[in-house]
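Just so you know, the protein sequences line up as chains F, G, D and E, in that order. Residue numbers for the first sequence follow this note's numbering, so the first one is 8 and each next one is one higher. Residue numbers for the second sequence follow this note's numbering, so the first one is 8 and each next one is one higher. Residue numbers for the third sequence follow this note's numbering, so the first one is 515 and each next one is one higher. Residue numbers for the fourth sequence follow this note's numbering, so the first one is 515 and each next one is one higher.
Hints are computed from structural coordinates only; laboratory data are not their basis. Where a beta carbon is used, it is the ideal one built from N, C-alpha and C, also for glycine. Hints should not be assumed to be uniformly reliable.
To be verified - To be clear about the criterion: a stretch of chain E counts as covered by chain D if any three or more of its residues have a C-beta under 8 Å from a C-beta of chain D, and this derived list gives those stretches: (1) 549-562; (2) 613-627; (3) 740-750; (4) 756-768.
To be verified - Interface residues of chain D toward chain F, partial, derived using beta-carbon atoms under 7 Å: (5) H874; (6) D875; (7) H891; (8) P904; (9) A929; (10) Q931; (11) L933.
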Amino acid sequence: MDNLYRDFILEHYRNPHNKGSLDPHDLHFADSNPTCGDEMSMSLVLDSSRAAIADVAFDGQGCAISQASASILTDGLRGQSLDEVRDMDPKDLLDELGVPIGPARLKCALLAYKVLQGAVRGGEVAWPAEAEAAG
Amino acid sequence: MDNLYRDFILEHYRNPHNKGSLDPHDLHFADSNPTCGDEMSMSLVLDSSRAAIADVAFDGQGCAISQASASILTDGLRGQSLDEVRDMDPKDLLDELGVPIGPARLKCALLAYKVLQGAVRGGEVAWPAEAEAAG
Amino acid sequence: MAVEPALSALTPGAFSGTVLRSDFAVFDRPTRSGKRLVFLDAAASAPKPRTVVDTMADAYSHHYANVHRGIYELSEDATGLFEAARGKVAAFIGAPSKREIVFVRNATEAINLVAYSWGRANVHSGDRVVTTQLEHHANIVPWQQLTAEVGATLDYVAITDDGRLELDDLREKLGNGPKLLAVAAVSNALGTINPLAEIVKMAHEAGALVLVDAAQAAPHMPIDVAALDCDFLALSGHKMLGPSGIGALWGRRELLDAMPPFMTGGSMITKVTMEGAEWNEVPHKFEAGTPAIVEAIGLGAAIDYLTNLGMDAVREHERYLFERAWPALGEIPGVRRFGPNDAETHAGVISFVLDGIHPHDVATVFDSEGVAVRAGHHCAQPVMLRYDIPATTRASFYVYNDLDDIDALTSAVRATQTLFAG
Amino acid sequence: MAVEPALSALTPGAFSGTVLRSDFAVFDRPTRSGKRLVFLDAAASAPKPRTVVDTMADAYSHHYANVHRGIYELSEDATGLFEAARGKVAAFIGAPSKREIVFVRNATEAINLVAYSWGRANVHSGDRVVTTQLEHHANIVPWQQLTAEVGATLDYVAITDDGRLELDDLREKLGNGPKLLAVAAVSNALGTINPLAEIVKMAHEAGALVLVDAAQAAPHMPIDVAALDCDFLALSGHKMLGPSGIGALWGRRELLDAMPPFMTGGSMITKVTMEGAEWNEVPHKFEAGTPAIVEAIGLGAAIDYLTNLGMDAVREHERYLFERAWPALGEIPGVRRFGPNDAETHAGVISFVLDGIHPHDVATVFDSEGVAVRAGHHCAQPVMLRYDIPATTRASFYVYNDLDDIDALTSAVRATQTLFAG
Ligand SMILES: Cc1ncc(COP(=O)(O)O)c(C=O)c1O
Ligand SMILES: Cc1ncc(COP(=O)(O)O)c(C=O)c1O
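Same shape as in the complex, but just chain F (with noise of 0.2 Å):
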């Protein structure tokens, strides 16, 4: 508990990162999380090489771990490529958030993961294999 909710989440919560819209935009998807109906969008902006990622912005309400999950992700995205991002492993958001996340929990945790694969390849993508168990 005090584990899932460590000050580091509760914090990225209350003051979320890379919070609204950007527009214009290259990029935009938004997806939901079927376990909550908790929504999500992301806006990207490309570089110049219309090939990296030059800013970010999420969009939605949801849970601390949704919201937390989604300021974390998109800190690290600006100078990604595009190739870097689709090849993401979502264990390494995982690893990030750094707190354990029983399975009910997974989909909002990845929620941020699947908005921003969907934007990055054009369309829905199915949840990672980690967030299945969970239905």
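Put chains G, D and E with the ligands on the given structure of chain F with help from the hints.
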């Protein structure tokens, strides 16, 4: 076992009474036992009052129980009024068979009753409650 | 002020939750948190009393065979137990005949059966079907599919700020002459107990049949379909202390008789040739293939358990808990409760949100306190839409709950608020 | 001469039925006749090993809650066990992904699901569907309903005198370019093992998809959908030592993805508004409402039990029993056996009739000897039609049977003949 297949039943099975068909006849009905698919038909000839049974025959393949039951049931029909037949209690037929019939065979034992009721009521009737438990 | 701990010593309603807890093996289970398990999610699915588990284990061990077609002792045994369970369901809901009880997987299948079989035969282009905004998705989506497929219209009865059906709106929707009104007896998202007798009367006067979704009512209060005068009723075994994989549809005999089959295959036919098939009598016409035999028997055991407590006493017990929990939650600043205020029209289901804390986080913190509650849209997204919220946290009561559990609930609310206030 | 009693001491196939019997509580049960229970009706439904009963009792007692939506320990537990069971089914039949496994009630529902969902979307007026004359009603009537509804034609592949599919006739029927071939892996009425790999190849070359009814195959022999290259496969848990109320449909991912839902309600949606709904991913799209949670877990335990024996060994064991029972029955005057003569194409299912004695009477006399067999049309009336018989008596073998049971079978045949010769 020896109980169920008493000589009495086997004798009726080997040499059923009133087996065959009557032509012309006044009433005719055919029905089947869904548990086994056995079909049975019955033809009735009425007397001049048109309200009582003058002659009867049943036809169709079936097991020893259903054949013996039809043989015994039809034996008692001549001279009975249609009203009496309609009021018949299926329990009486089971009593007359005089052998312990498990739920799985009740439809065999009562098929003749059901066909007869269909004939005198002019259409299919439901299985008697006794036979319901066996589905 | 929250509930006085002293109250816990009282016998709530007609029997004591503390005593009944020993009937349920799950409460012996150690929890991850090390705390006592406070189970407040009966509305999703109920724990099983030992008698249900034991009845099923005995049936699987000593009375199991396929039903209806076996000419041997074991199959006669299984058939007898299975059909006796059908009789128990009929008696439990006041059905005139056990032939009107169709075994299905769950309430969802019961409603789909009616939508496919009765619906496709009776709802045509230009017709209307009415449901309500407080329904579970199971009582919405099948009607969306049906009406979209045949070109009919689906109307939704609105709900009030305190979670009741707007009866004036219902009257208006019925004024269009719908073929069917599909309505819940009790809302799983708001706890609302709908005034069913009145609703059925209104619908019948308007010429509509009434399907009652009793998934949340059958487990918690007496039901009498004959007195209610409804036309179809759906329930799920797993919510009423019975096994998963079993539920029942009740329908008026003449409606069931006239309906075409839904699924087809073995047992539901009297004759199959290569040209076509003839259907068996109800309820078999609607039970294609090998049924959930032992699950039906287990549901019978659950019904015995509930009948033994008495459904009036069950309702009384939950009303007692509601009457304590509702104000206790209301006294805590930052708690918003949903649904009607009074215990007459509010079942033992309380949906609430905590200001500034997502319901999912609430449930996770509760779990760490040993308190099992549900968070989400409760498969009732139109309700969430109505109140403009993404989700709620929901606590729901049953026979094994007591005032200690209400204390645990309010304590968990405070603990969550403290954690997030950081 | 019948089987030598001495043979009973051998280990048939890879393991001894006599030893395995102790895994099944039902054999401890006293019978009405006072005789040892000789259970020869696995093809209708199989007894349950203690491990299945115990796994279910434990799940109901200590790991039960609704799945997928609960944010608490108990629900995570239940979800984990339920989804692990899905993985076991996938592995058992060689499915590439557990997402391709849809839990249903039984094989009948699996086939109906395909007929309703894939069928209504893909079979149109003038199209053809092919089934065979040796199918169970579950693999006939849904296709009759579908083709009648949309104005398509249903063709039946004929069977030979010894109960095999006429492959020339199959080729001819496939020549008309059907959309689907629905065929059993093993016939429940004749015991025939169809040459599936060859059949699938022929059908695919003709452009037809293939649905395999594996209700009688999955329990008794190894299955590998990837190697078979079929498109859909249906099975029932209760016939493979698992609980009632659970079965599975396997389908190719891309087919399942493209299909509309069958039943609708909770869990199978991602979003519901009053305007409409969006569907969840497979397999959830096809699992509306609360599933048969513990029954799926029990099926997983049955699969563990079978996998532990080894499906090759199970097949070997039943082949061994067949090779003794078939000639032993054939040697008795007045016994007519159905289905292929050789053990390569005949599973552990023997249908027979006794001259001048109705199969129902046979089963009743057998019951009095402690021998449980089935009598009737076995939900395969077109087979009865083909051989112009009303019914057969059927003995079917499984892992707990041994040569003593074969002896009991032949003795019961002789006793019945003696009684009726009277
Ligand atoms: C070949 C075959 N297909 C389908 C079925 C139907 O199985 P269930 O009744 O479990 O749906 C059976 C069961 O008898 C069968 O033997
Ligand atoms: C009011 C209501 N209707 C229908 C259902 C669906 O029940 P099941 O999932 O058992 O089909 C539920 C279950 O949550 C419910 O609460």
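Results for each hint:
1. 549-562: Contact hint for the region 549-562 of chain E vs chain D: holds, 7 residues under 8 Å.
2. 613-627: holds (count 7)
3. 740-750: violated (count 1)
4. 756-768: Contact hint for the region 756-768 of chain E vs chain D: holds, 4 residues under 8 Å.
5. H874: Hint holds; D/H874 Cβ to chain F Cβ min 4 Å, cut 7 Å.
6. D875: 5 Å, holds
7. H891: 5 Å, holds
8. P904: This interface hint holds because 6 Å falls under the 7 Å limit.
9. A929: Violated - the Cβ of D/A929 stays beyond 7 Å from chain F, reaching only about 9 Å at its closest.
10. Q931: 12 Å, violated
11. L933: 6 Å, holds
Of the hints listed earlier, those the structure fails to meet are numbers 3, 9 and 10, in rising order.
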